[in-house]
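> Take a look at the letters that make up each chain.
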Amino acid sequence: MSIVYDEQQEAIARESRRVLYARADKARLLDLLERTGAWDRTFWDTAVEQGWTALAVPEAQGGLGLGLIELGLVAQASGAATAGAPFLTSNYGVVRALQAADAELQALWLPRLATGEVVGAVAFAEGNAILPAPPAVTFADGRLNGHKPGVTAGLVADIAVVWAEHAGEPALVLAELAAVSRQPIDSFDNGRLFADLAFVDAPATLLLSGEAARFAALDLLACQAVVTAHEQVGGAEALLFVARDYANERKAFGQPIGAFQSVKHRLAELYGLVEIARANAIHAAALEGQPGFLAAAAAARLSATKAYDTAARDAVQVHGGIGTTWEGGLHLHMRRARSLAIEQGNMLFWEDLLVDELAGAGA
Amino acid sequence: MSEIEAYRQKARAWLQSVAPTYGRDALQGLSEAEHLAAGRAYQRAKFAAGFAGIHWDPELGGQGLTPLHKVVFEQEEMGFGMPIAYFGVSLGISVPIVLRFAQDRAWARERAIAALSGDEIWCQLFSEPSGGSDLAGLRTKVETEGNGWKLNGQKLWTTFAQHSDYGVIIARNDPKALKHKGLTFFWLDMKAQGVTVRPIKLAAAGHDHVNEVFFDDVRLDDGQRLSPVGGGFATAMATLMIERYSASDPAGFGPTTATFVELAKASEVNGRPAIQDGRIRSAIARSHAMRMGLEAITTRAMRMMAAGMEPGPEGSLNKLVSVRSRQKLSELAIDLMGQLGLAWDPLASSKDDWVASWLAAPTGRIAGGADEMLLNTIAEKILGLPQDHRPDKGVPFDQIPA
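Chains as they are written, first to last, in numbering that gives the first Met the number 0: chain Z, 0 to 362; chain A, 0 to 401.
One chain only, chain A, in its complex shape (with noise of 0.2 Å):
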């Protein structure tokens, strides 16, 4: 058995031994209180078990493993239903970015230790009423004042802002400066003076898990600046390098094939089995057999991994195509229940039933890479082919027409 082999088969029968604790049953039913609470301790238990911060430098409270290892532990902990979503951003983006550009290095490992611990959570603080997908466009308003900083404005749609200690923020320094280039990347403490956030309800019910954060006058020092002056938008972009290695889930983080196939040998169309049904099988097997090729861009990029090889670009494409896909067979296994498809359980999981794996679909779809925007990438980084007409090139940010 490979050494992987042997990781993977160590961190499932991790998995296996607090799956009571912690799993999906486990979770049924929590207010929202109760399952961050889970989370955290969630979080912790993984660190005393040595598997949190699995890729990471052992300095900062890392494994000091690889990538691989990384992935394979996502893999077999997708399953179980732990409650992660908390700690996706805090120690997939925004804590490594600080460990990698903060002034301050024992202040920085110091941070590392208690997010991997669960005790603290930082947010990323990028998308805007003015900029989602064209993240450049943003209007927070960050200006000198003595010898730091005073930031004013507005960001949205903020992954679990209501529940960080810290963020990372990007502001807009110099609006007379180039679109890309007035930009500059900070720190900040959620608690400060002048910090406000809002949840917002999603029509995907739940738990709210994004917000709008407002900042009045909020004061930043300059050791908090993690960017050259008007250098942010380079940094924003390697935030977006650091997670290339992670996870993915060929059903689109939606119910399996198999639950589908369950659905369709408990159904009936037209008073004959619905598993006969030349429409429904056509939808399985043509689902299945793009969920396959997904599963395989993932194992052959893991086996090139292993291998010290770099993966190729085809892993892009797990979002972009596992979401719609699930987005339509959501819809189709509804179609199915007929007027047995109308209940709604606003706290039932994406993974298992149908009607909350359509609702949040749309998010899959937009959050982290609009569909648009990962076809445009694939277009010009992959292919080759040119950049859309671009009227906001070479204009002074104040000059772009609004």
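With the rest of the complex left out, here is chain Z (with noise of 0.2 Å):
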């Protein structure tokens, strides 16, 4: 399945490229770069009030109902201006999994989640796996110990989806965060609020255990990897078009630059890339809950993080000196590349992931 975006689709669309391009700051989104634990208040505020919090959380819970798709459009805006505290995607993460907790639990999270007064983090890797088998963190009796590294949002989330381990099978635990120490990491992308969370009798609930957990996990990590490639090819596809602008207006050798094929060519081969993963993102947003979703969603992370990768790589070639330094802000998009290659589990667990979907897990 593959769609055409409806008129409320593009709407979203055009509203939130319109509202996060009028304000964009660069020097804003620099300055956080050195700073430790500091985020893009102004882009949450934004996302607040333009109810971006609310588009994927179920009406019955004050959200708008809408899902992957229209998140994904918001994603793909927010994406394009580096903006973007990382909690629009975490917070659906959490979202997904509270939808396997009891009504006293979805009332408590959800309405709040809707409003963006509560911001959600979803922990399941430890050292460089993204859904280690098994988790060394575990959960007994209501409380949950360990230690999970590198967790996007972990600085400030008041509540996380964590995988963990629970009488010798894996499990999704719901955790409250206020008692929980986190040690912040000085990131090459300071703005995700990464942190090292240790869980000391944290106390906190079971949602899902054994198999389904399993699959439940899978299916959070493939969902918010589709919202994460549609954030990679708004970014791709903005430098895409700034390293167009600068190829037409920079002049060497008597003409643009951008009429000598070393760079024309390198341009069309991105062009191709962009329009590849946002074809794979569209496909996988509209797939959502259907068979085949996983193997599309991770179509849509290889080819959004190849595309972002690259476009980040050229469009600084294609700048030449200027794309190097600090002020000129390229650094922002190629930071926000790698970070984003990571937050959703690297290429080399999505390649496996697909390869296991086309062949059988088996082989």
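No wet-lab data here; the hints were simulated from the structure.
Here are the simulated distance ranges between beta carbons:
| id | chain 1 | residue 1 | chain 2 | residue 2 | range |
| --- | --- | --- | --- | --- | --- |
| 1 | A | E371 | Z | N345 | 31 to 37 Å |
| 2 | Z | N345 | A | A36 | 53 to 59 Å |
| 3 | A | D207 | Z | N345 | 47 to 53 Å |
Using N, Cα and C, we set each Cβ at its ideal position, and we do this for glycine too.
Take each chain as given, in its own frame, and dock them per the hints.
Below is the structure:
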């Protein structure tokens, strides 16, 4: 399945682009890079004001009841602007995980996730593995113990969905983070609020365990990967246009550098990567909850990561020296391309997952 | 079920019913003449069943449906290995351009029906030794003679000229005019006095499909002219727009990802299963992700067409991206087979056989727009980057350094 956006979706895309463009401030984003623990509150205020935090929350819980397609469009606009506190994606992950919770837990968190009052994080990874089997963090008797490194938004999140071991089986649990100790990471992309979380008898609630937990965790990662793929497409496309404009304007050897095939073809190749990634992202978003979603999400993830990394590399190259300066700001995208490439699981994880889907996991 | 989906099922049912007669297996081991005869018979069967000229005007023998119906039929047809190659240029380019520009309408209608029913085949005489990607570099000469014209020169890479009854041709009527201005467009009887066709044997075997064509004082009536005198280049460009919508193959007309996965499951690398080898897995995943993207682009374009919208320009990526990826995947498949990959069956199909796919891949990257030309087109037409430096611009053709 692949869709043509309807009028409401086109409006979301247009409006989110417009708002983020109007409020873009490169100096503010550059400043965030040099401060650990600071984040883009302006973006978050915008997200709340525009209702983006409520987009994919069920209507019964105060949300708008929309899904991956609409969230993807907002993510694409925020990717283009390297805007973004990281919560848009992880909040959605938490909303997804809460579908498995009881009504009381849903009523406790979903309305506040919709208003942006509560920030959620997803803490699956350990070591360099996005979904370790088995996880070393343990859950027993309503308490969570162990260590989760490099959690996106971990520095400020109020709750987290955690991949943990429970009675010899994998489990998904919801943990409150108020009393959890967090060690900020001085990162190359500081606005993402990466933190190491140390759980010591942290209060938590079991959502799912066993095979159901593994399945839900993969589905949640796939959903987040699709949102992120849109963000990556937005970033890659923005870089393509910036590089294109520069190539049309900058002259060398008596003509615009964009008249040289080495530059033209580099940009044409990039256009191809962006469009393939966009098509995959739209296709995957429209396939949510249907057979083939995992493979489609993997394809979207792989092609979007490739497109954004390549765009970051090539846009800087086309700009020459000016592309390497702090003030030029292209490194905002370069940094974001890499942090997004890691956040939802690296290429190696998704390549293996896709081949398992195609060839059978036993292969 | 949507009307289009119903059409797809109807097409599939018909294709299944004739596959035992015309499909891949039925064509195994046929001689060139037998294969062509099968092609004509299949085209005739399509015409009789109402699957020829799907989006053409019923007045001209067509079915009066939309381009979307045509693409749907082609998508279904692709998997069966039917002998359709002879009619691609004929029905996709040459006959439509004749229908649009021919002066004698009744004659054009006769030709259209003969072509749709497989009785006549048309070729397109564009490329020359001195002009392929640079079409307007062509040198075949057409001069006025009496109340008509006289044609001399040579064309190259002409697909199925050896089986063609007619062709459309662009030639230079005025070498003193600017390069793109001195060209005129005609149709031509391929059996006329002075036309000589010589098939070219390509590195990738199979039956010959391209030719060189020589013209020695070939006489043309002025009624065969399809463009204003000196206005042929615009007509040639119009031919490129006729087949904007045709079925594409994300596998680049080579074997599918599933075929590669089967090979990997059946192979070992240094004593370990190949399907567990990271290099092989990475190649599968990346190639599949790219192909899924191309497929999604096509699906979205079809949905836009169904909704009466104009699909975006990203459809132009298909050939560029898919064929070179097929080339590399075919190399890797032969690597995987090792010594078992040395065998070569000259009549094997590129769609099923890795060696055939690898050998024929270069043709796919050059014919119908070389990769480099496609990149230029994307850069200029879609991204708005400048044209290359062009020393031939604004210079009379006979003063351009040869």
